[in-house]
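One line per chain: the protein sequences are F and E, in this order.
For the first sequence, the working numbering gives the first residue as 18, with consecutive numbering after it.
For the second sequence, the working numbering gives the first residue as 9, with consecutive numbering after it.
No wet-lab data here; the hints were simulated from the structure.
All C-beta atoms in this analysis are idealised placements derived from N, C-alpha and C, irrespective of residue type, glycine included.
You may find that some hints are simply not true.
[Claimed, not checked] Derived pair list, reagent style DSSO-like, types lysine-lysine, alpha-carbon separation capped at 30 Å:
1. F:K74 - E:K65
2. E:K78 - F:K96
3. E:K79 - F:K116
4. E:K78 - F:K85
5. E:K65 - F:K116
6. E:K78 - E:K17
7. F:K74 - F:K85
8. E:K79 - E:K65
[As the list claims (entries may be wrong)] With beta-carbon atoms standing in for the labels, derived distance ranges:
9. E:M35 - F:E75: 24 to 30 Å
10. F:S45 - E:T94: 30 to 36 Å
11. E:G24 - F:E77: 47 to 53 Å
12. F:A27 - E:T15: 50 to 56 Å
13. F:L126 - E:T23: 44 to 50 Å
14. F:Q31 - E:G48: 21 to 27 Å
15. F:P97 - E:L77: 42 to 48 Å
16. E:Y103 - F:T43: 25 to 31 Å
17. E:E67 - F:P25: 20 to 26 Å
[Claimed, not checked] Far from chain F, by Cβ distances over 12 Å, these chain E residues were calculated:
18. N73
19. S113
20. R116
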Amino acid sequence: EDQVTQSPEALRLQEGESSSLNCSYTVSGLRGLFWYRQDPGKGPEFLFTLYSAGEEKEKERLKATLTKKESFLHITAPKPEDSATYLCAVQALVDSSYKLIFGSGTRLLVRP
Amino acid sequence: NAGVTQTPKFRVLKTGQSMTLLCAQDMNHEYMYWYRQDPGMGLRLIHYSVGEGTTAKGEVPDGYNVSRLKKQNFLLGLESAAPSQTSVYFCASSYTETSLYTFGSGTRLTVV
Numbered sequence: 018e019d020q021v022t023q024s025p026e027a028l029r030l031q032e033g034e035s036s037s038l039n040c041s042y043t044v045s046g047l048r049g050l051f052w053y054r055q056d057p058g059k060g061p062e063f064l065f066t067l068y069s070a071g072e073e074k075e076k077e078r079l080k081a082t083l084t085k086k087e088s089f090l091h092i093t094a095p096k097p098e099d100s101a102t103y104l105c106a107v108q109a110l111v112d113s114s115y116k117l118i119f120g121s122g123t124r125l126l127v128r129p
Numbered sequence: 009n010a011g012v013t014q015t016p017k018f019r020v021l022k023t024g025q026s027m028t029l030l031c032a033q034d035m036n037h038e039y040m041y042w043y044r045q046d047p048g049m050g051l052r053l054i055h056y057s058v059g060e061g062t063t064a065k066g067e068v069p070d071g072y073n074v075s076r077l078k079k080q081n082f083l084l085g086l087e088s089a090a091p092s093q094t095s096v097y098f099c100a101s102s103y104t105e106t107s108l109y110t111f112g113s114g115t116r117l118t119v120v
């Protein structure tokens, strides 16, 4: 069964304290892995897409990496405005069409 | 640039009542999706559409119906609401099945 698991469920950091979020997956027919940011009361907002093992993408304080079994979202020197829920999703072939399968997210709180 | 607009934003229903959630997109996207988001479970696909006049079942379709009479609109209906349908509902659209999804801001539905 296709599955996406994110850890930890919640993470509290002090401003400037770097850390990583994990997304592990077991899917067949993986086409790509997506990271989204979701603020309270809003829809997911796209951050990155990764397509192959070894690929890395960066945006400001965020860097996403991909291996054959998992992806990491590294947050370097976070600021309070980075507080949000971070969602991982894999695009996989399900019933002859590509679908996004989401993890349950990591709630990040960055304290000043 | 409105993107994906969902109405209403909030709704409280009594058990057994019916309602329709509206999703409208102005990006000429072919694909549209309805997800529900519950605590600890991530986003789960309810129904989707690959073009005007088409609909298909997702992971959790029971208790919901959809229609796509116009390309820009995707309606989600609850014929007889149940407390288990209390959730936040998100609509998304994409140009193709593998292109980036754009999400709406969600509808928070409570069934009492």
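(message) A cut-off of 12 Å on Cβ-Cβ distance, and N73 (chain E) was said to be off the interface with chain F. Does that hold?
(response) The assertion about N73 (chain E) holds, with a minimum of 19 Å to chain F.
(message) I want to verify a distance hint. Is the separation of the beta carbons of G24 (chain E) and E77 (chain F) within 47 to 53 Å?
(response) holds (48 Å)
(request) Could you grab the alpha-carbon distance between K79 (chain E) and K65 (chain E) and see if it respects the 30 Å cut-off? (result) holds (18 Å)
(request) Just tell me: holds or violated, for the beta carbon distance of Y103 (chain E) and T43 (chain F) against 25 to 31 Å? (result) holds (28 Å)
(message) Against the 30 Å threshold, does the CA-CA distance of K78 (chain E) and K17 (chain E) hold or violate the hint?
(response) The hint holds at about 21 Å.
(message) Quick check on a hinted range of 44 to 50 Å for L126 (chain F) and T23 (chain E), using CB atoms only.
(response) Cβ of L126 (chain F) to Cβ of T23 (chain E): about 35 Å, so the range 44 to 50 Å is violated.
(request) Measuring Cβ to Cβ, find out whether S113 (chain E) lies farther than 12 Å from everything in chain F. (result) violated (5 Å)
(request) Please work out if K74 (chain F) and K85 (chain F) have their alpha carbons no farther apart than 30 Å. (result) holds (16 Å)
(message) Does K116 (chain F) sit within 30 Å of K65 (chain E), going by the straight-line distance between their CA atoms?
(response) holds (12 Å)
(message) Tell me if the beta carbons of E67 (chain E) and P25 (chain F) are separated by a distance inside 20 to 26 Å.
(response) Since the Cβ atoms of E67 (chain E) and P25 (chain F) sit about 25 Å apart, the hinted range of 20 to 26 Å holds.
(message) Please check whether A27 (chain F) and T15 (chain E) have a Cβ separation lying inside 50 to 56 Å.
(response) Violated: the Cβ-Cβ distance is about 31 Å, outside 50 to 56 Å.
(request) Kindly confirm whether 21 to 27 Å is satisfied by the beta carbon distance between Q31 (chain F) and G48 (chain E). (result) holds (26 Å)
Comparing the model with each numbered hint stated earlier shows that hints 1, 2, 4, 12, 13, 19 and 20 do not hold.
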